[in-house]
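Listed below are the residues making up each chain.
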Amino acid sequence: MVLKLFFATDVHGSETTFRKWLNAAGHYGADVLLLGGDLTGKMLVPIVQEQDGTWTARYEGARVRVDDEKALAEVEKALRQRGYYTQRMTPEEKESVRTPEQVEELFKSRMAEVLQGWVGLADERLDPAKTPAVWMPGNDDLEFIDPFVSSSKAIQNGDGRVIEIGGYYILSIGNANTTPWNCPRDVTEDVLAQKIDELAATVPDMSRCIFNVHAPPWGSNLDLAPELDDDFKPTVEGGGLKMIPVGSTAVLEAIRKWQPLLSLHGHIHECSAGIKIGRTLCINTGSEYHEGVLRGSLVLLDPKKGVKNFALTVG
Amino acid sequence: MATQDVFIRTSSGLTRQISARDALMYSAMNPGLLYSLVYIVWAPAFYPGAHMGLAVLFVLMIFPIAGLYWYFSVSMPRSGGEYIYVSRTLHPALGLWACFMLSVTALSWTGQLQDWWIRWGLADAIRSVGISHNSKGWIDVANAIDQPIVRFLIGTGALLLTLWLFMKGTRAMMRVSYWAVAFAWLAVLILGLLVIVTGQAGFRDNFNRLSGADYNAILQAGKQAGALFKVGFVATLYAGMVYVNLNTLGQTFSANLAGEIRGVAKSQALALFGSLVMQMAIWFAAYMLVYAIVGTNFMQALDSLWLKGVHSLPPALQHAHTSSEPVPMLLIAFMTGSPILQLLFGLCFIVATWVSLAGLGFAPIRNVFAWSFDRLIPTKFSEIKTRYRAPVYSIVAVIVVAEVFLYLGIYSPAYSTAILYTIIAWFLGWIILGIAGIVYPYRRKELFEAGPPATQRRIGGIPVISILGFLTLVVSVGTEWAVGQPFFKGDASASQYLTVLGMAVIPVIIYVIAHFYHKSKGIPIKLQFSQVPPE
Chain A
-18 MVLKLFFATD VHGSETTFRK WLNAAGHYGA DVLLLGGDLT GKMLVPIVQE QDGTWTARYE
42 GARVRVDDEK ALAEVEKALR QRGYYTQRMT PEEKESVRTP EQVEELFKSR MAEVLQGWVG
102 LADERLDPAK TPAVWMPGND DLEFIDPFVS SSKAIQNGDG RVIEIGGYYI LSIGNANTTP
162 WNCPRDVTED VLAQKIDELA ATVPDMSRCI FNVHAPPWGS NLDLAPELDD DFKPTVEGGG
222 LKMIPVGSTA VLEAIRKWQP LLSLHGHIHE CSAGIKIGRT LCINTGSEYH EGVLRGSLVL
282 LDPKKGVKNF ALTVG
Chain B
5 MATQDVFIRT SSGLTRQISA RDALMYSAMN PGLLYSLVYI VWAPAFYPGA HMGLAVLFVL
65 MIFPIAGLYW YFSVSMPRSG GEYIYVSRTL HPALGLWACF MLSVTALSWT GQLQDWWIRW
125 GLADAIRSVG ISHNSKGWID VANAIDQPIV RFLIGTGALL LTLWLFMKGT RAMMRVSYWA
185 VAFAWLAVLI LGLLVIVTGQ AGFRDNFNRL SGADYNAILQ AGKQAGALFK VGFVATLYAG
245 MVYVNLNTLG QTFSANLAGE IRGVAKSQAL ALFGSLVMQM AIWFAAYMLV YAIVGTNFMQ
305 ALDSLWLKGV HSLPPALQHA HTSSEPVPML LIAFMTGSPI LQLLFGLCFI VATWVSLAGL
365 GFAPIRNVFA WSFDRLIPTK FSEIKTRYRA PVYSIVAVIV VAEVFLYLGI YSPAYSTAIL
425 YTIIAWFLGW IILGIAGIVY PYRRKELFEA GPPATQRRIG GIPVISILGF LTLVVSVGTE
485 WAVGQPFFKG DASASQYLTV LGMAVIPVII YVIAHFYHKS KGIPIKLQFS QVPPE
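Protein chains in written order, with my numbering: chain A, -18 to 296; chain B, 5 to 539.
The hints are simulated quantities; they were obtained by calculation from the structure and are not laboratory data.
Predicted model only: the values in this text are computed from it and were never measured.
Heads up, a few of these hints could be off.
Here are the computed distance ranges between Cβ atoms for each label pair [what the hints assert, rightly or not]:
| id | chain 1 | residue 1 | chain 2 | residue 2 | range |
| --- | --- | --- | --- | --- | --- |
| 1 | A | Glu124 | B | Ala186 | 52 to 58 Å |
| 2 | B | Ala186 | A | Asp48 | 52 to 58 Å |
| 3 | A | Met(-18) | B | Ser499 | 52 to 58 Å |
Built from N, CA and C at the ideal position, the CB exists for glycine as well.
Extracted from the complex, chain B is given alone in its bound form:
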């Protein structure tokens, strides 16, 4: 049959395409939509004067990176993923290295961030009921949950549930993913309702009545602790680059599906850019609504007091076993007296966070599978068990690593403070990706020139993909600089960098071992990835 532009004959496999809407949803669902309710504490604490509502605007810096993914995924649609892009453009060792950094980072979230929903979704929601009803029983329950061993056991149970979800298949995952998005929106709706019903005056009254401290006194103490009651551009820039942009990580996963997307150029554009717009809308609403109820200056004051030390916080907000971040799931104690709303708000955080962590664990499974497939790690990891139709060894490996990160997150808080190391590691991976983007048209000239016309655009004679690669490099280096600021100021531990160093050394060791092993077996890895000349 004839189409308007291209003649197509009967053959197999021509119509394996998914819609632009599917791709958009896939990209939008991966990052944790309610992590913003934690970053509203951390970011202004480390960067005083940061206004999180305005910081959302700096997500615009991620657009060039999304653009680079667009170019790569349209150029190499069937392959997909950083591992392939970097391996084919630069070197398989660098592909492994960059992909390893991104994968372990995502996995560390899958493990460590289980503790987030336990502390701030579960325990703090219960604690907020206790505070607003002056009930020691509820607060005791919250304190019991906050104990490290209890959190570790609950987190382990959650990871086993994640394992079950992975083994169960993607149908179950899809269902819970939609629930995650729905609960994120429900949280925003609850905040909107509380702005109308309670407002800032009501919050102030409730705070003075229930917290054991005075609203105005907190403002003063916060100011003395370093809080700035005006918007600082540099602080907001840093907060946006580090925390808000951190929250977008995972939205590029649609690149892995590019080969199956109908009208890949337009659909990927919608998925990669549209998802960023959707996330910006949700986060802007969440940040501004919290500020509207609590008061921007008051939130800044609480953040600075929290960084100064737990004992600087009002007594009601001090936790017996954890670092006492004054997150909105706790502050809701002063927004409403309804235990239903308080617990529902906590549930929103629990569902949105747990599901996003499962979603973030999917990509590492694929990557472990890919490394095994390419013989960089034992081929056992790419075996698919017929009984489960799943790469069982890869799934188990991913869950075990996540469990290790859960343990470290709970028992070595200095190691995991503010998860800054993950940003360092992720953007190191993107530095490599940016370099791959810059040199792609020159190192892989034949692939570039044979690519779809849309990927061969130039500005001033320079390929657009090279420009986007350069911008990715600049944004990534700039982000590393911004992440380093708390460390330079002494607010963050050097353990962040030691962690990243450890993460960076492991893939090098893996590659060296694989290199010598396969050389001895007659088919060197280098040969496996080398380009056959077409002429």
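Isolated chain A (complex conformation):
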């Protein structure tokens, strides 16, 4: 029997994108749902209550001012759809958030609240017996979220595990090779290689193994990102951005060595594609969480033929 798998990744706190992922099984007729790493958002918009009672939010070059609860809720919803966290504050409260630690605490409280909401939603909507689902944190996600990610009854936290579903072995690792930003789950190539090897050694049959590894393989064209200068500003040439490979050499070597059936990746949002490394089909779905667009991949797995077909979706 052909197994239809749907994979998306890098939702980065976007309410719309996560909800679409939850609905993807019904929409695409998928048998299994996978959600790659980077579950949490990167930005938080303070919505400041002014002295006259109105609320003001400034983001993306605009100033939005509303004066009633209904309009305020709509602004919050719109921001959540795009992956922003929101926090209602007084001007004094906003001014008091000064240090990186204070900012992180603010983020943590909002992340926890949102993840709890997502777990509740997933447990309500997904039947794990009918549609098995796996998610995991990514390199951008703070480690404190792990208990939340593991708390769902409907979605299994795959990070650092091999999970068997429908006769296929899903090996998941949310870490990435070190980035210029030194993100919470960045690790060295050596550590990443060791993690993959240790897990891969436990897989009974590599021809039925699916790597769900956040970082894409280096130099695979699934990992092209703009080259940054010393100020983290991208280099431009020829009227376009100069793109360089930023993936993981450890992931590349692991795929070459273990040759799993399928290897699913994220991390580099603008580099969506499917390529072959040896016998392994490698896919990076990319991400457009900010626009509320669920980029994903549908893969048909045939017990005899392996990967029967795949398509990159824009949902």
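With the hints as your guide, set chain B onto chain A.
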């Protein structure tokens, strides 16, 4: 760390942004800045009474279209491009159709317009030296270059050089792009110098001495051939809508980079609108300076005589193998006796034109890649060869298509006359884009409402993007009407429309084949693009 308005935490990929100046340069460089030196012949010939200096003002009609691109690119910054905007708003088949029309049009320029710089940059510059020095040898060389087989071979060589440039990477392309802009400005400077040094009286004397015809007689003959020596508003409007606005096409390519631009709303505004202002300035200067040296009425007369037939032109301007447009690169024979200036002026046209053609070929490569990526065409075209770090199959396909257009342009001049078909095709694509703009807030309500605040502005309760979509539709339909005038008058061949019909049918066939193929493979295309409900 805290910013003034938004708190940001440490995470990857936050600072991938390019500056507003980069975006502006990118938009400004794509259209051919010196095509204006050809349109000064064609436009008044087909629309007698058109004043090209004033026609530049009608570039203002492109501003609403640039505005629509601004709204779309700010709403969907990471995606970019007409293919995405139309696919996500209307239907992937329409996205492919609109994008195909724009891409093939741009590609046809990459191929066919190689012949422009060969004829009017290379051959006519050499011919101008021959005319001003009464040298049969130089004129023979120009005639030799004008032969179809020679032009085809030179054009093929230029396309191979373009292929090499694409394979070489964007760094090489950037370098030559800056040269293109520099040479365009140099051409304007040369014209300015000649206005001062030679002036209209000097031009008249030189013309009478070297052309084998009399300046005043040409004025009379031109008048009889249909030239109007007064500015016609409708003619200028049509000339602006068709030829000057044609010259702006390509300046919206910055939309493809929108996701990486810092302060996308302000930067894109600068890129999309600022580039139009820059182009208007260069073209206005070029047109007015040519008129100042040659004489506005005289230029109109030459244009009308050219349309009437080559043999109506002065003997010195008649070419043995080509259609003899009296372009400024040839008329410079009567502006100066300096072969250095004459050849330099031709070189300006060569560099600015060849580089712009390479630039216009970039977008189709991306689009072919995108269609392949979405499985509308074989996935081979989206393969990136590790050795070259480039989509080699897409690049080769683009060059092959350009070569076909080069061949058609040289050997089927009736097919390619005045490249009117490209305007028809391009604006058909923009008609679809305009419709997408109109309905976007209603068909993709969730995307519209989740968009940045700046994209949700309304006037009288109507979303601004819908208004801009409507204006894009109106301008595009109006342009199609203006393009049709020479055809209705019998001055242009119906082959223009047959060409567009052919271009329009191909993407439909591609989509139908892809539809049935992927349906048989278990993942229908429709499913691939369908929207997952968030609730």
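| query | Which of the stated hints cannot be reconciled with the structure, identified by number in ascending sequence? | reply | none
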